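Trainee: Residues per chain, in single letters:
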Amino acid sequence: MINGTVVDLSRVQFAATALYHFLFVPLTLGLSFLLAAMETVYVTTGRPIYREMTQFWSKLFMINFALGVATGLTMEFEFGTNWSFYSGFVGDIFGAPLAIEGLMAFFLESTFVGLMIFGWERLSKGQHLAVTWLVALGSNLSALWILVANSFMQDPRGAVFNPTTMRMQLASFGALVFSPDAQSKFVHTSIAGYVTAAVFVAGVSAFYMRRHRHMDLAKRSFRMAALFGVMATIGVITLGDALGFVAARVQPTKLAAMEAVWKTEKAPMPFNLIAFPDQARRVNHGAVRIPDLLSLLVTHTFTGTVPGIDALERQAARRIRNGIPAVEALQTLAGDPHDAVARAQFEAHKADVGYGFLVQRYAPDLQQVTPQEIKRAARDTIPAVAAVFWAFRSMVAFGLLMLAYFVMAMLYTLRNSVQDRPWFLTLGVWMIPIPFLANECGWLVAELGRQPWTVFGVLPTWMSVSDHSVGYMVFSLCGFLLLYTTFIIIEMYLMTRAIRIGPEAPGSGGQSGHARAAQEAHLGG
Amino acid sequence: MSRTTSTSIEGAAMKTLAYFLLFLVLAFCVILLAVVLGDRGAWYFAWLIGTPLIVLVSAAGAAWLDTHEASASAHGKVHKTH
Chain W
1 MINGTVVDLS RVQFAATALY HFLFVPLTLG LSFLLAAMET VYVTTGRPIY REMTQFWSKL
61 FMINFALGVA TGLTMEFEFG TNWSFYSGFV GDIFGAPLAI EGLMAFFLES TFVGLMIFGW
121 ERLSKGQHLA VTWLVALGSN LSALWILVAN SFMQDPRGAV FNPTTMRMQL ASFGALVFSP
181 DAQSKFVHTS IAGYVTAAVF VAGVSAFYMR RHRHMDLAKR SFRMAALFGV MATIGVITLG
241 DALGFVAARV QPTKLAAMEA VWKTEKAPMP FNLIAFPDQA RRVNHGAVRI PDLLSLLVTH
301 TFTGTVPGID ALERQAARRI RNGIPAVEAL QTLAGDPHDA VARAQFEAHK ADVGYGFLVQ
361 RYAPDLQQVT PQEIKRAARD TIPAVAAVFW AFRSMVAFGL LMLAYFVMAM LYTLRNSVQD
421 RPWFLTLGVW MIPIPFLANE CGWLVAELGR QPWTVFGVLP TWMSVSDHSV GYMVFSLCGF
481 LLLYTTFIII EMYLMTRAIR IGPEAPGSGG QSGHARAAQE AHLGG
Chain A
1 MSRTTSTSIE GAAMKTLAYF LLFLVLAFCV ILLAVVLGDR GAWYFAWLIG TPLIVLVSAA
61 GAAWLDTHEA SASAHGKVHK TH
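Residue numbers (this note's numbering), protein chains in the order written: chain W, 1 to 525; chain A, 1 to 82.
If we strip away everything but chain A, and leave its shape as in the complex, we get:
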C-alpha cells in the first residue's frame, strides 16, 4: 500500500472519529436538555419534540404525494404501452 493511500485512509478515519465525537457531544447535550426540560418544563420539552414531529409528518405527506403521482404516471405509461 502506498504512503498516499495510507494517509488518505487515516484522514478518512480521523474525519469519521471527529464526526462521531461531535454527534456524541450533541447526543449528551440533547439528553441533558431533555432531563432539565422534562423535569422543569415539560410543556417546553413537548414543544421542542412536537414541532419537528409536525414538520416531519407534513413533509412525509408531501413526499407520499410525489410517490403516488409518480406511481400513477408510471402505471398510465404501462397501460398506454399495452
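Isolated chain W (complex conformation):
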C-alpha cells in the first residue's frame, strides 16, 4: 500500500510545477497571435512602426517562451518519475497526444521561433509573416495536444481497459481528439491565452503612454490589444459556459463542488453567488443565492436540475459495490488470464472497476470490505468543495473584470482618447496580473475538481503514484520550488528590464505621427 503522504506530496509537486508552468504558457499562446496581427499590418501597409512593434513584442515573447519551455520539460518527465503506475496504466492513450505535442513544440514551434527572431534580414516580408503565423499556430497546436491528453483524464473516451494486459488501450483516436471536453477545453484555454496577452500588451502600452514614451508604438499596441482582448474575453466566457455544460454531463461531482450543491433540489435551482461551504457538515454558511439561475446556467433551461452531493455520494456507493466484483475478477485474471468465469465476472462489472479500486485504499482485501469503508470511499468521490467553489468564483470574477476593462479600453482607444486618461492607464498596468490569476484559478478548478481521480471514474489518484519515500518527495519538491521560483524571478527581471529599455531604436517609436509620416514618405519616395 502506497503511503498517503507520498500521494499528497506527489500531488503538491505536480500542482506546483503545473501552476508555475501555466504562468508562462497562456502569454505565449496569445502573444504569438498578437505578433501575427502586428506583422500582418506591417506587411499590408508597409509602415515601419509595425515592424518595430513586432520586433519589440517578439523580444518579450522570447523571454516568456524560453522560460515556458524550461518549466514544461520537467513535467513530461514527472509523469514517469512520480506517476509511474498512471503512466503504465494509460500510457498507450496518453502517450500519443503527448508525443505529438513534443513534435509540435520542438519541431514546428521551436524551428519557426528561431526563424522569426533571426530571419528579419534573411527572409522576404511575406516569408517572415508566414513564419510568424506558423509560430502562433505551432504554439497553439502544441497546447491542443496537451489539452487532448488532459481531457482524457477528465472524460476518458476512445479507450478500453484490457484485463489481460491490465492497461487501458486506445480504441478510437477520433473519439479522443474530438471529445467535447477536449474541444471546449482547448478553445477556452487558447482564448484565455489571447486575453492574457491582450491585458499584458495593453498594460505595458499604458505604462509607456503614462510616461509619454514610445507614443506611436504604445497607442497602436494598445488599440490592437484592446480589440483583440474584447473579442477574446467574449470568446473565453462563451467557452467557459460550454465547458460547464460538458462538466455537468461527464463530471457531476466537479460541477456540484463548483456550485456547492449539497442537496438536490427541485428545478429551477438557485445559484450560490457567495457561500462558505462546510464539507464536514455538508452545508453552506452565509449563502447569498440568486433564485432559478443555477438551472439556467448549467442546463440552459428552467426545468433542469443539478444533482447534489447527497445524490452523487449514494450513486458512488452503488458503483463501488458494483465495482468490487470487477476488481476481484482482475485479481483472479492476474494469476490465470484464461479463467473464463473471472473474465465473465469482469465483463459484467467493468463499468465500475475504477470505483472498486477506490475502496481498495481502505480495504486492501475486498472480501473483508465493510459498509463504513464503502461510505468513506463514496465520500472521497467529492472533491474539496470550498477550494473548487472559490477558485471557480475567483476565475469568473476576474473574467468579468477583464471584460469590463476591455469594453472601456475599446471605447477610449476608438475615440483616440485613452492617452488622455491617466487613471485608466494606471488601471491598465494594475490589470496585468489579473489574467494570470484567472488562469491559475481555472487550472485549480479543472484539476482539484477531478479528484479523487487521475482518470475520472477509472483510476484513483492514490493508486497512480510511484512508490517513493517521503524524504525523496520532500527533497525533490523543495528543489522544484527553489528552481521554479528562480525562474519566475529571472522572468520578472528580464521582462521588466526589456520593458524599461523599450523598443531597440530609442525614440523611434516615440516620434510624432507627422515626423514619422515625413520619414515614411521619404522612405517611400
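Just so you know, these hints were derived from the structure itself, not from any lab. These figures come from a predicted structure and were not determined experimentally. It is possible that part of the hints are untrue.
Claimed, not checked - Residues from chain A that keep clear of chain W, each with C-beta distances beyond 12 Å, as calculated:
#	residue
1	A13
2	K15
3	T16
4	L17
5	L21
6	L24
7	C29
8	V30
9	I31
10	Y44
11	T51
Unchecked claim - Pairs of lysine to any residue, SDA-like flavour, derived with a Cα cap of 25 Å:
#	chain 1	residue 1	chain 2	residue 2
12	A	K15	W	K350
13	W	K59	A	A60
14	W	K350	W	G95
Here a beta-carbon is modelled for each residue, glycine too, at the ideal position from N, C-alpha and C.
Starting from the structure of chain W, add chain A where the hints point.
Mentor: Frame of chain W; chain A shown alone:
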C-alpha cells in the same frame, strides 16, 4: 503580334490557370475541413474561424488609427495654410 509577345501572353495565362487551380484545390480543402470539423468538432472549427477574425479586427483597428492620424495631420496642415 510577334512570337515573343504571344509566348509571354501564353505564359501569363498558364500562370493564372495554375493559381486558379491552386486556389480551387485550397477552397475544396477548406470546404472539406469545414464539413468534417463542423460535424465532429464544432468548437475546433469555431477556433479556426474565430482566431483569424480576432486578428483581422485587431489589425483593422490599427489601420484605422493610422488613417485617423493621417487625416488629423492633413486637417492640421490645411488649417495652418489658411
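Trainee: Compare the structure with each hint and give your call.
Mentor: Hints, verified against the model:
Distance check for A13(A) against chain W: the nearest CB is about 24 Å away, which clears 12 Å, and the non-interface claim stands. Even its closest Cβ contact with chain W, about 17 Å, leaves K15(A) beyond 12 Å, as expected for a residue assigned away from the interface. Distance check for T16(A) against chain W: the nearest CB is about 19 Å away, which clears 12 Å, and the non-interface claim stands. Here L17(A) stays apart from chain W, with its beta-carbon at least about 22 Å from theirs, past the 12 Å limit.
Distance check for L21(A) against chain W: the nearest CB is about 21 Å away, which clears 12 Å, and the non-interface claim stands. Every CB of chain W lies more than 12 Å from the CB of L24(A), the least distance being 21 Å, so the non-interface label holds. The beta carbon of C29(A) sits about 16 Å from the closest Cβ of chain W, which is more than 12 Å, so the claim that it is off the interface holds. At roughly 15 Å from the closest C-beta of chain W, the C-beta of V30(A) stays outside 12 Å, upholding its exclusion from the interface.
The Cβ of I31(A) sits about 19 Å from the closest Cβ of chain W, beyond the 12 Å cut-off, so the non-interface label holds. Look at Y44(A): its CB is around 6 Å from the nearest CB on chain W, not clear of 12 Å, so calling it non-interface is violated. Residue-level check failed: T51(A) sits 6 Å from the nearest beta carbon of chain W, not beyond 12 Å. Restraint check for K15(A) and K350(W): not satisfied, since their Cα atoms lie roughly 62 Å apart, outside the 25 Å limit.
A hinted pair counts as satisfied when its Cα atoms are at most 25 Å apart, and K59(W) with A60(A) qualifies at roughly 24 Å. At roughly 23 Å between alpha-carbon atoms, K350(W) and G95(W) fall within 25 Å of each other, so this suggested pair holds.
Of the numbered hints listed earlier, those contradicted by the structure are 10, 11, 12.
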